[in-house]
Each structure stands twice: as C-alpha cells, then as structure tokens.
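S.K.: Letter by letter, the chains look like this.
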Amino acid sequence: MISMFEHIIPLFELVVVSYICGALFSLLFRKFGSGKPFFIPTIIGSIFLIVLSLKVIIDGSSLHFELAPDNVFSVNHFLIDGIAAFFLLLIGIVSLSVSIYSLGYIKEYIEDKHVTVFGFFFNTFILSMILLVSSNDVFSFIVFWELMSLTSFFLVIYNHENESNLKAGIIYLIMTNLGTALILASLLLLSSQSGSLSFESFRLSSDSNSAYVKNIVFILAFIGFGTKAGIVPLHVWLPYAHPSAPSNVSALMSAIMIKTAIYGLIRIIYDFSGVGSGVTDNHEFVWWGFLFVTIGAISSVVGVLYSVVEKDIKRALAYSSIENIGIIFIGLGLSIVFLSFDLIYLSAFAMLAAMYHLLNHAIFKSLLFMGAGAIIFRTHTANMEKLGGLVKGMPWTSLFFLVGVLSISGLPFFNGFVSEYLMMLSFLSSYHIPDILIAISVGFASAAFALTLGIVLATFVKIFGISFLSKPRTDIIYRIKEVPHTMLAGMGIVALICIILGLIPFIGITMITHAFNLQLPPNQTLFSFEPILSEFGASNNLSGLSLPIVLMIFVSILVATLGFLYVVGGRTKQRISETWGCGFGYFNERMQYTASSLSQPILHVFRNFYRPSLAIQSILYHSSNSYMKESVKIQISNKNIFEDLMYGPIISSVFKTYERTKKFQTGKINLYLLNVFVIIILLLVYVRLSP
Amino acid sequence: MIGIISSTIRILPESFLVVSLILTPLLGGILITIFKKKKLVEIISVLSTTFILFLTFFLFSYIVDFKKITLFNEFFYLDSLSMIILLLISFVSFVSSIYSINYMGKQYRDGIVDDKHLVRYYQGFNIFIFTMLLVPIINNMGLIWVAIEATTLVSVLLIMIYVKEDPIRSAWKYLIIATVGLSFALIGTIFFYYANIHDPLLPVQPEEDKINWTNMLENSKSMDPMIVKIAFIFIIIGYGTKAGIAPMHTWLPDAHSESPTPISAMLSGVLLNCALYGILRFHLISSGSIGAEFSNNLLIIFGLLSVGIASFSVLFQKDMKRMLAYSSVENIGIVTLAFGFGGLIAIYGAILHMINHAIVKPLMFFASGKISQKYETKAMSKIKGIVTTMPITGIMFLIGGLAIVGLPPFNIFLSKFMILSSGFSSDHILASSVLIIFLAVIFIGFVRNLVMMSFGKPKTQIKNGELGNLSLVSMGMLVAFIIILGIYIPEPLDILINDAASIFKQV
Amino acid sequence: MIYNNILIFLSGTLLIATLVLVIKREFSEWIQAYKYQTIVLSIMTGVIGYITNNWEIYLAAIITFSLKAVIVPKILIKVTEKINYDFKNETTPYISIRLSLVVSTILVALSYFLTQQIQLGEDVIATSFLPVSISLLLIGLLVMIGRRIALNQIVGLLILENGLFLFTLSLTHGISLIIEIGIFIDILVGIVISSILIHRIGYTFDNIDDIHQNRESIEYTEEDD
Amino acid sequence: MMPIETSASVSGVLIGIIQFLVILVLAPLLTGIMRKIKAITQKRTGSSIFQTYFDIHKLMRKDEVVSEEASWIFRFSPWIIFSSTLVVALFIPIFVVYSPFGLGGDIILVIGLFGLSRFFLMLAGLDVSSAFGGIGVSREMMISSLIEPALFLLVFIVAVTYDATNIDTIVSHAAESSVLISASLLFSFFGFFIIVMAETGKIPFDNPATHLELTMVHEAMVLEFSGKSLALIELSQSIKQLLLISLLINFFIPWGISTSFSIAEMFVGLLAFLLKMISLGMLIAYIETKVAKWRLFRIPDLIFLSLASGLMGIIFLFI
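Residue numbers (my numbering), protein chains in the order written: chain V, 1 to 691; chain X, 692 to 1198; chain H, 1199 to 1423; chain A, 1424 to 1742.
Calculated directly from the structure, the hints in this document are not laboratory data. There's no promise every hint is true.
In silico lysine to any residue, SDA-like type, Cα no more than 25 Å apart, as pairs [unchecked claim]: (1) V:31 x X:1078; (2) X:758 x X:1179; (3) X:727 x X:713; (4) V:668 x X:856; (5) X:1150 x V:114; (6) V:167 x X:1131; (7) X:912 x H:1319; (8) V:633 x V:603; (9) A:1485 x V:569; (10) A:1466 x A:1702; (11) X:1148 x V:380; (12) X:1073 x V:380; (13) X:1154 x V:163; (14) A:1481 x V:77; (15) V:656 x X:1131; (16) H:1286 x X:1151; (17) V:386 x V:312; (18) V:167 x X:1151; (19) X:730 x X:807; (20) V:311 x V:637; (21) H:1280 x H:1398; (22) X:1073 x X:766.
The structure displayed is predicted, hence computed values, not measured ones.
Isolated chain V, as found in the complex (with noise of 0.2 Å):
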C-alpha cells in the first residue's frame, strides 16, 4: 500500500518541510496554544519519517534525494538506503513519542520568555539528525554533524540561569567537537585517497586504499565517533550533559542522537573500508574488532558501575546509556572479529544482536528519560533520596516506567532480554574463532558482559524501588497528581514497543535483516540471516517455541496457581496495617533504606573503582563528652577516576603548553624583537646555506 504513493507524495521532502514548519512555528507563535505549534509538525513530520523508512525497508531499494540548489560544493545528495532507513526509522519513532511527550511537558517551561527558542532547537535537533543519516557527501555529513551537536548543546544549556548546566554544555561541546575534528580528519583522509567528497566515491575505491591508510581512518573515526557515542574514557561529558538538559530532550539524545555515531561507525567501517568484501585480506582488521569488544566492555562495566551508586535519577539513565552503548560495541566489534576469521554467518548475528540491542536502547531509554521527566514535571526533583511512593500518586507512569526498567534490565517478555540472548548466543559462538588468545579475551569480555547485566538489575531495581516504591521522602508526594495525557499517550507508545518487540522479536529480525542486507552489494553473502531466523520464528512444532507461548504458559500457570490455591487455602481475609517496625510506635520516612545505602554493599565490593571517601562531622551536645551527639553529618563522595587520572593530566600539560606559549607574550619589547631578530637569522642562514 505503501508503495502505491511512491511516486504521488514526496515523503522526504514532507519530512524535512514539516520540521522547518514546527521550528518556524515555535518562532513564530509563542502565545498560540501553549506549545502546541512547537510539536504538531514535529509529529507529523515524525509520521511520515516512519512511513519513509519503513517504505525503503520493505522495498529494499534505495531512494535519492536533491534539496537545496547547488552550492560551492554541488554535493547535497541525500542517500537513504537500508542502514540510513533503519536509524531514521528510530529517529522517526522516537521523535514520535516524544513530540507527543512534549506536548504535555511544555507546560514546565512554557512561562520562560525564551520557550520559543526551545521549540526552534527541538525541531532543528531532530531533522539535523535526519539529515545527517540521510547525507552522502563528507560536506553534508559534517554540517548536519555539527549543527546536530550545536542544536542539541543550545537544548542542553536551555535552563542556563543554572551555572552546572552551563559548565555541561561546554564538556560536550567541547567533547563533541574535538570529535568532530577526528571525524572531519577521517573523512577527508578517505577522501583524498578517493579525490572526491562524495560517499559513492568512497564505496568505489574502499578496495583500492592501503591497510595504512584503513587503519588510520578507522581509528581516528573510531575515536570521533566514540566520543560522541560516549564510550569510555571519552564518556566524561554524557553524565553531565544527559541530566543538564530537559527530560525529552534527554530523550532524543540518549535515544537516537549518541546512535547516531554507530551510525556512522558502520559506515566507515563496513562501507568506506572494504571489510568483509573479499577484496582484502579481512585478518588485517581482527584487531578493529578486538578494540570495539575491549573498548566496549570496559564501557559497559564502568558505565553501569556508575549507574548504580548514582543518586539522580537522570545521572543514572545517562550512565546506564554508556553501559549499553557498550554492549552495542561489543555486538559490533564481534562481528567485525568473525568476519575477520571469514565466519559470515556468525558475524552477521553478531550484527544483528548490536543492532537489535540499539533499536532496543532507543526505545526503552526513549521511555526512561521520559519517565523521569514525568517525576520532574510533579516533583521538581531528579534526586532520589527526595521520591519515593510515586507508584500511588503517578500509577500510570509507573507502570510505564517498569515495563522500561524491566526491558532495560533484560527481563523476559521485554525487549531487552531478546537482544541480550542474542548477544550471548554471539559470545557463544566465540568458540569458533580460531586464534585462542582472541577466543579467551572474548570470553573474558562476556564475563564482563555477564557482570553488567547483573549490576543493571541491581541499579533499576533500586531506581523503580526506590522513586516510585516504598513511603513517599517528600510531603509533595502525598498531594501529586498523575502527569496530562498526552505525556502518558508519548511513554505508552514506546512502553507498548518495549512488548512488542520483546514478545515478538520476529518483526524486528527481520526488519534489521532486511536493512542491512540492502547495504551490500549482490554478490556479497555478508548479512544474510535465514539461518538464524527459524530461532524465533512461528513454526510449528515445540521447537519454535516462541516468547509469546512462553507468556502464555506463564499465565496459565499463574491463573492455575490463583485457583488452586484458593481450593486448597480457600478464601482469606487481607488486613491493612503498619509497616513491622521492630516494634517501635512511629514508622516515619527516614527509617527506609536511601538510595545510597541500598547501593552501598556494591560500593563496597568495588571501592578500589570508587575510591570513595567518608567524611564525618558530628557535632557534640557538649565538647567533653565525644558520644553525646547531637547532630552527625556523614558525606561519601566518590573520586571519578577519569576525570582524576586522565583528564586532570591532559589539562594541566595543555595548561603548561599555555604557559609556554605565553612567553611570547612577556609584555617587553626587546623580546619581540628579539623573534624578529631570531627568526630573520635563522631564515638566512637557511638560505645561504642550502644549495
């Protein structure tokens, strides 16, 4: 059906007219309909993404675009293929659900004098990224680059009365430009090698660059890009920018935007470098994909480690995107290993695991961040030692927030848990790698792949426990209300993903294999997936057992279990009484375990990655007796060892380099002139002396 419009409606340019609308729009009518411009072209404009998307998938063929007349360049064609498709498919749900998010979480900010400027920078935000995934020239790539970060650093700052919103505004700007530069040094390296912009060019002549020339592309791109995706170590400005910005703004750059980079970590890798074309000998890569596993491993360890001691709420999802940006790394640094060993069959489910894991990332930290948004639009408050008890007043939000913190944590029947048995099933498959030092690292990497998982389970636990469950910290707890309709309409529809994809995984198998073989040219077997799809697949014989027949059987059992007991037990009563509280009168809200208490024996078992401190001041009822006391503050704070140990140093030797320069810059004229003096010298004696 879909196809029947192709050639009657121009989806891509209703895509990017619709976005320019809804940034026209905020501009423009601040007093109208209280945000509602801001967000309704954005919605639209998010529908007919998904339609565009989901149309190229399915046909498989890829579509051109021509937008603005030829500049300087004459480069803007705009390519979507299947991977483009994929991620703009994301894009497009995301942005869906969050626009309608926003409709509701608008009313926080809509006072503001400068809400205009927030509906203009949410919409450029998101159709940069679209652009961006669509672009297929290095010009168009780096603008849309660039003002994607620069859109969603002005979003970033929007509350920029507040000094540590500011100060993460620069972390990542400064961060994500200094990616920016290694990308832009990648890219036109691959460029001189092919004498053209243009992406074609570089498909073209992938085959013919040097292993030399591959790798410095690779890791230099894989640093650019990394950065941006916020793998460690150079994760230093996401905690700080994730929870700066406003919740749906989060949102998107949790979701889609550190995507993205992945995004164009494929592209580098299996489009412009030859990998797995048959051309090269792959082997000269293993080492790529030893570096995406190693690098993503320690990603996802010291990204959730983080995640689970973390107080605000926010600070937590943003942590908790490092770690999963890091399983991503690991599925894709897996398959880049068995393509390197020629496993091709092994190397696209690998493929398919990271890239089910990131649609599944986009969607669950889509809902969390949202989810957390709805606490700060009642509460005002990210902290969690502020919540508690919110499941009562916000039932509906809650229970979006557990399906996402139960997809999240890989639970069965969510989402979550397919691509993470798919990622064990590729470490699995690790024994089929030939070179043992390679298969050993790759079994220590699912130790640690292993150990997030466990830790992922830790931390939502606490952060559904402990902001929604147990007796409210707040008085404004007892009073608030569910949050407006369309918020909950926006978390409904990714929560409702979360299921779908969870229970039926099918659909997104085969929407990603469908995607991603499109990329290659026909006689490359690289991404084909059949094989593997009869895993979930409806067939019929108990052997296709599915996760919906699963969920049935557990229902069954759980009603069977429900009607047995009350044959056996027969009816009983339910009293409601007090919380046992050792048997003291009053139980109040300060007997609970906090946040960080619940997290702390994790602390402890790590403290020579926390490194924390205690400081204890207590002060005394009276100077001569040290037990008497009346009030006892105790702060831990933990040291950030990458803040400590490798960006302290980086700073202060470019301090020292600053230094060093300023001694051009003494105040005393001799000086000055003495560089002349020097400089001339030394020039003509060169002269003289050369031949």
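The hints should help you fit chains X, H and A onto chain V, whose structure is shown.
M.R.: Chains X, H and A in isolation, oriented as in the chain V frame:
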C-alpha cells in the same frame, strides 16, 4: 540588479571612480577638521564611508566584467585580488563608521574622550581609510610599502586617542615593532626591485616602472633565484610582522585590545589583510620566478605557527578583546596556510576565509565593545548573561562567536572546510591534521569563554537594555552577511573570488 | 679602481661610527654620535651620486643631512628636555655594552657571509656597501633588543633606518624620487609620533619598567571592581 | 547453528508435564530432607521431612496482613515469582531427556526467568518501605549482580562443550558423553556448585533459619509477606532449589537419565535422580554444618571464586 546598476554607472569613467575613491576620505578628513561639531563630524564620516562603499561597488562591477583596470600609465592597477581587499576596506569602514557614532558617543558622554579627541578620532579614522585604500590600488610596490607604513602611523595615533597607560604602552610596542618589521619589508621590496633591474653583465640601470608589480611579474622568470629567495624572506617577515603572523605577532594582542573598538575592528578585519596583500603580491612574483614551492613552504610554516601559538594563547585568556585579537592571529594564520597549500580550492578557500574573517571579526569587536561598555570591564570572568541583559547584542555576539570557531551554518565553516579538504587532497596531510588539532584547541578556549559570557545569571546591578540602535544596525548587517555567506555565495562574489584564485593559478 | 678604496674606507668609517653609537649610554652623547654617523652617511651618498652621476642622489644626500643630522636631533632633544634622567640613560641594559660590541662584530661578519652568495656583478657600490648596510640593520635591531629604556629603542630604530637608506641607495643607485620622498616623510612622521609617545610615556609612567608591563598575566580578581 | 530437534509429539508434552508435577511435588520434600540431614549432623532430632508441606498448607489458609505502604507491586510479586519459577520447572529435565521446547528450554531464558522472579522479589522488599526490606534488597543486589556473570560463564562452558544452549540438548549430549570430556567442565561444576549454594541461601552465604539482621538476605526481603503470598514465596524458593540442583545433576552427572520413553528406563532415571539428589543434599547439608556463616562482605570472595573458576574453564575450553 547589479547588472542594471553597473550599466547605468558605466557612464562614469573608471579613472574618475578610482580618483574619487581615494579623494573621498581625504576630503572627509579635511571637512572634519573644518567643522569640528560632534553631530556634523559624525555625519561627514558616515557619508564619506557610504560614498566609498558605493564607489567600490561600481568598481566591483567593472572588475567582474573586465578583470583588471590599469590607469595613469600603470600607476593604478586593480585586479580581482585588489578588488577583494578594496571591498573589505570599504565595507568594514562603512559599518565601523556607523558603529562609531554610538560607541564614541557613549565614550563622549561618559567623559572618556573630550571634544578635541573626538574630532581627532574622526580625522584619524578618515585618514586611516585613505591610507588603507591606497594599498590595493597602487601598482608601485615601493609606494605600497609607503602606504602600509602610513597605516601604521595613523593607526598608532588612533590607538593613542585614549591618554591612558595601557593604550600608550601598546601603541609604543605597535609602532616600534611594526616599523622594524616594515623596514625589513622595504628591504625585501628593494631586493625584488634589484632582481628586476639587475643584469650581471650590465651596470645597474634604475628604471622607474620596474618597481611596478605588473612589470615584476612579467620579468619574474629572469630574476636571480638567490636574490628572490632572500627577498621573499625579508618580505614575509616584514609584512608578516604587520599582518600578525607568529612569531612576529606579539604587538598585535596589545594593540588590538587597547584601541577604540571600531578601530580594533578595522585593524583586525582589514589592516591585517592589507599587509597580507603585500605578501601575496610578492608570493606571486616569487612563484613566477623560482616556482611556488619555496614560498608555499614558508607560508605553511608561518601559518601553522600562527594558528598554533594563537590557539594555545586563547585557551585560558581572561581579557575579552585580547581573546579576539589572538583569534585574528589564528585566522590570518589559516589564510596564510591556505595560500601556502596552493591549488584552486585552497586559494578560493583562503580568499573566502579572508572575507569571512573580515565580516565576523568586526562583529565580535563591535559586540564586545558594547558589552564592555555595559559591564564596564573587559574581564570575561565578570561578564555573565549577555543574552539576558542585552538580548539582541547577545545573540549577535553568540552568532559571531559560533561563526568564528567554524560551526555551520555560518560562513567561516565553509571556508575552513574548503581549506581543510583541499589540504588533505593536496598532499599536505600532516599540516592539515595539525591544523585540525589547533582548531579544536582554539574551539575549546573560545567557546568556553563565549558560553560563560553569553549565558548565566547576570549580576543584579546591571540593567537590562541595549546601548544605541545604530550600532545594532551595523552589527545586524554583519550578521546577515555571516548567515548568507554561510549558506550561499552570491554569483558576482563567486566570480570575483574565482578570478582572484585563478591569478594564483596562472603563475 | 680608485673608487674601491674610497668606498671601503667609507664603509669602515661608517662601521666605526656605528660602533661608537653602540657604546654610548647617555642620550645626549648618543645624539652627537648619531649626527656623526649621519654625516658619514651623507658623504657616502654624495660619493655614490658622484660615481653614478645622478643629481637625484645629491638631493638625497642633502635631504639626509638636513633631516637626520639637523632636524631629527633637534626634535629629539626638544622632546626629551623635560624627561626624567632615568628615562634617558641606559644604566642596566639587557645586553651589556661589551657584549653588544662583540655581537655587533659578529653581526658584521655574518652580513658579509650572508651577502656573499648574491651575485652583484661589477657593481662596486653594491659590493662594498651592501654588507655594511645589512650589518647596520642587524646592529640597529640588536641595539633595540639590548636596551631597556624606551628612548633607546629609537636609537636602534634610527641606526636601522640609516642602514635601510644605505641599502636602498647602494643597491638601486637611487630609486624613484616619489618613493624616496614617501620614505622620508614616513620616517619623519614616525620619529615625530615616537617623540610624542616618548613624551607621553615620560609623564604617564612612574617607572621605566612600566612600559614592559604584561597585559597577559594581569589577573582579574573579584575585588578590583 | 544450534542443532534443534524438530520432531515433536504429544508424549513429549506429556512427559514435560509429568516432570513438572514431579518437581512440584518433590521440591518441598527436598527442603525437608536437607533440613533433616542437617539436624541429624548437628545431633538434633529435627522436624519431619514433610514439615515443609505442612507449613505451606497452613500458610495458605492464613489471613494476610499487608502493609499500608505497599502497592500493587507487593501484592503481585508473589504470583509473578511463583509463575516464573514454575515456567522454568516445565522445561527442566528430571529423569527423561526429551522435551525439545525450543526457546522455552533455553538455558538463557531460564536465567532470565530466575532474574524476573528475583527482580520482583527485590521490588517487593523495597515496596513495604521497611528497613529490613532495604537491608535484604541491598545485599541481594550485591550478591545477585556478582552471581550473574559467574553463572553465565559456567553456562558458557557447558553450552560450548555440549554445543547447545537448549537444556535438553545439553543434557542428552552430556548423557551420551563419557565422564568429564573436558577439564573445563570440572571448573564449571565447581563454580556451579558454589552458585547453587548461594542461590539457595545456604551457609556460608545465608541462613534462612535465623532472623538476624546481621546476616539475613532472603528472609529480610520476604519479612512482610504473610498468608498465601508467603506460601507461594516459600514454595517457589523450594522449587528453585530443586531446579538448580537438578540442573547441576543433569549437566555434570547426568548418567542414568532416561533418553527414551520406555517406562523401565524412566523409572531407572527417576531413581537415579532421587539418589543423586539426596546425596547432593547430604553433601550440602554436611557443608552447612561444617562451615560457619561468612561475614557479608566476604561473600563476594566466594562468588569471585566461582567467577574465577569459570574464567579458568573458559581458558581450558579454548586451549
């Protein structure tokens, strides 16, 4: 549109245009000396710069069609390259003259300058324009040197308008170092002249037109390579001192930060380019004589050095105008580097970058001038929340800042990208990679300060509100150009830049 | 080649005059030495004029003499009349006088070395005066580098300017008049402006080292509002 | 990639259900037996081995007390915990290796379902906002997050050795193979044993028999449950224990298990299973009497031991 105007103006002979172009600022200076009333003086200066701008546009349309103008027995020589410099001079002086009214008016009201100094300022302003206008249109390289030296002297006087310690100190440094530097430039010029007239077999025969650039270029093939090399070294050091190329740039941060803001804008936006123009002319001759490699390498080395030193100096800078001054060093370095890369795209990018910088830097200086008037300090640590206190200025300042660090969709991104891509594709991969690193460093330094100043919560004692509308008009024009040139290069300009770049290609 | 000896003799004289300039510490003594150097330079100009038989060079010699040996010293003496003793006398130069003499001789040798490769042909004037003029330039720069007080920067600048003049003349045997006049005017205006500046420095600054104050390292603190 | 048996029959389903019922019935018995053995080794008489059945039956008929702070999570979680444990029970072979349930019988799904029940147990512990819940949850968070990687590594070894992730395929391959086909299995067995001890709350990890704040983990989380909910939790705990032990048995010492549907073989299989289960139970009970409860923060050392043996196993796997 331009076609219509040019056809109507074609009636005027180009000799008239050129002569009146030079005489206008002189006349303006004289009239200002006569009238001396604040209002009148301001109007005269704006009128004179407007008139200059018009004349430049007419000349522009000539050049686009006929590529070059030669007048009065080759005394004046205009080609596309000089047209670009001319365009920059007239445009920047036009916006500066508008901005000056508000800025100097505020200084006048605050009692920082008195009547005498105000008149002296406007006199100096016009004479400064006069001396700069001479540079690109004269053919005689000796006289170009005279004109550039004259710009130094006039600008020193303009910096000295404020009788305070810091301006005097920086004026002194500027004067001494620029004079020394330019002395070397003169030596280089004479060497080139000597190479032109020199024939080892015949006694030296001084011929007047042999110092003309056109003549030198014609005879460049027969020049003695050794002399040309030595000469070019003197030239690049001499004019490089004036152009703020490291390590001879040391006077620049002082001079540019202490002068009155409109003058800072002129110094950074145009004067540096004028000096660079001198280098480029000799670069052409040297390339014609001994091939481009020697001068290209020198340009690359000096360019990289400038960008490197400037980028690290910006990092922890505390004074707003000094930061901008270092950024000028950086940008001039980029332009120099790009000319050194050679190749059509690199030179196109270099010229575009020159233009872009001349648009963005004045905007930054204008905005910073207003900001420091508002906050009564140049210390960046004390400036917070400009977008709250002065929304329009703040946004313009932000746009300028983002443009200057090379973010799209603003103009400098385009030229930087061209330069980098041409650098990578022209076997200067190492230099381009180093450039990328330096650009990232300068980005860090610049953006950190920019954001901390623009946003945040301003101190309570600062009232919200803009200072003067005229200055906003001048800044608005610059912002418009920043955005337009970031997206699209108008065709006449494109032709002009292409012509100018092809001058380099022919040699 | 009778000229050859005269020219070499004259270059020697000029170099000696320059070295005398280098060792002077007091401003008034220095002005005298400068006068002598300029007179030698004017004579050399005259000789060049005689050799090349060019009236413009005679004119240049006259202008040089009147401008540099008469007007400039007058202006400088006038301007510095009221200036504090500390501002006029070099008591603690960065490069000591002895060292700068040694370096000056090295620079002379260096300039001969550097110009050796330039093929000057049969031109006697150029061959004998070009190295001298280059060494004058370098010595002038050296003086500027080595001296602490602002006034002595002008000393160096003037030496440098003389070298420049000699260089132009020896190499080109008289560049076109309009350029020369331009150069002269520039120099004159430059000297005037620097005198004004010196004058201002004289009453604005309390201490000679203030001129070297470094803006870069000035800290902006919260207190100095 | 993974060989999956495709034939299916009604009898397969039937056998699955029978094994499921066996588990359901045997689980409390195992708990009782282990308690009895422990009592005997401690020179006590101990309660009857059927005491667990009586307890559960009694709890089912009791009224419930629910905390006023509790939300629906608290009320629902016993059901979810119980159901997810039973779903696992449906897929785990006891005495017959024939239940090719595809994904259903996948070891990773089993781990996932255990995760699901643990997740809700922890949420329920936090929901009542008592400090005990917090204590239990925070300790459980620590222990479970470390058990997870260890378990995965051990499963990794088993799965790679027997070339499958489906439990039945693994077990049938194991049953066909000779004793200890790979050294890494030994490491895996050792590690798995530690995990089983930890997961079932045995000394030195936990002591469910006491309610002492210093040591308790599992009991602290379920402190607020009563009546039917408590019965479900207790029962699912027993079942989980049996499931883990049967996994241990069938992965590492599967010999004797029936590989066809003949009644005789199945009977032998059941007997062999009972024998192995009781001897393993005796071993565990013996360890419990010999070893003292470890300090909470020494427990990770033990789990790391299991993790390390898993890593060693992986190294041996590839060498």
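S.K.: Now tell me, hint by hint, if it's right for this structure.
M.R.: Structure-based check of each hint:
This hinted pair checks out: residue 31 (chain V) and residue 1078 (chain X) have alpha carbons roughly 21 Å apart, not beyond 25 Å. With a CA separation close to 23 Å, the supplied pair residue 758 (chain X) and residue 1179 (chain X) stays within the 25 Å bound. For the suggested pair residue 727 (chain X) and residue 713 (chain X), the alpha carbons sit about 22 Å apart, so the restraint of at most 25 Å is met. Of the supplied pair hints, the one linking residue 668 (chain V) and residue 856 (chain X) holds, its CA atoms being roughly 15 Å apart against a limit of 25 Å.
Using a Cα cut-off of 25 Å, the hinted pair residue 1150 (chain X) and residue 114 (chain V) holds, with the two alpha carbons roughly 19 Å apart. Proposed proximity of residue 167 (chain V) and residue 1131 (chain X) is supported: the alpha carbons are some 18 Å apart, at most 25 Å. As the CA atoms of residue 912 (chain X) and residue 1319 (chain H) are separated by approximately 19 Å, the hinted pair is consistent with the 25 Å bound. About 19 Å separates the Cα atoms of residue 633 (chain V) and residue 603 (chain V), which keeps this hinted pair within 25 Å; it holds.
Restraint check for residue 1485 (chain A) and residue 569 (chain V): the C-alpha separation of about 8 Å stays at or below 25 Å, so the hint holds. Taking the CA atoms of residue 1466 (chain A) and residue 1702 (chain A), the gap is about 19 Å. The hint holds against a cut of 25 Å. Between residue 1148 (chain X) and residue 380 (chain V) the CA atoms are separated by roughly 20 Å; this keeps the pair inside 25 Å, and the hint holds. Taken as a hint, the residue 1073 (chain X) and residue 380 (chain V) pair is broken in the structure, with Cα atoms around 30 Å apart against an allowance of 25 Å.
Restraint check for residue 1154 (chain X) and residue 163 (chain V): the C-alpha separation of about 20 Å stays at or below 25 Å, so the hint holds. As the CA atoms of residue 1481 (chain A) and residue 77 (chain V) are separated by approximately 75 Å, the hinted pair breaks the 25 Å bound. Between the alpha carbons of residue 656 (chain V) and residue 1131 (chain X) the distance comes to roughly 17 Å, so the proposed pair stays at or under 25 Å and holds. For the hint pairing residue 1286 (chain H) with residue 1151 (chain X), the CA-to-CA distance comes to about 49 Å; that exceeds 25 Å, so the pair is violated.
A hinted pair counts as satisfied when its Cα atoms are at most 25 Å apart, and residue 386 (chain V) with residue 312 (chain V) qualifies at roughly 10 Å. A distance of roughly 21 Å separates the Cα atoms of residue 167 (chain V) and residue 1151 (chain X); the hinted pair therefore holds under the 25 Å criterion. Note on residue 730 (chain X) and residue 807 (chain X): the hinted pairing holds, with a Cα-Cα distance of about 14 Å set against a maximum of 25 Å. At most 25 Å may separate the alpha-carbon atoms for a hinted pair to count; residue 311 (chain V) and residue 637 (chain V) meet this at roughly 12 Å.
At most 25 Å may separate the alpha-carbon atoms for a hinted pair to count; residue 1280 (chain H) and residue 1398 (chain H) meet this at roughly 11 Å. At most 25 Å may separate the alpha-carbon atoms for a hinted pair to count; residue 1073 (chain X) and residue 766 (chain X) exceed this at roughly 52 Å.
Comparing the model with each earlier hint shows violations of hints 12, 14, 16, 22; every other hint is respected.
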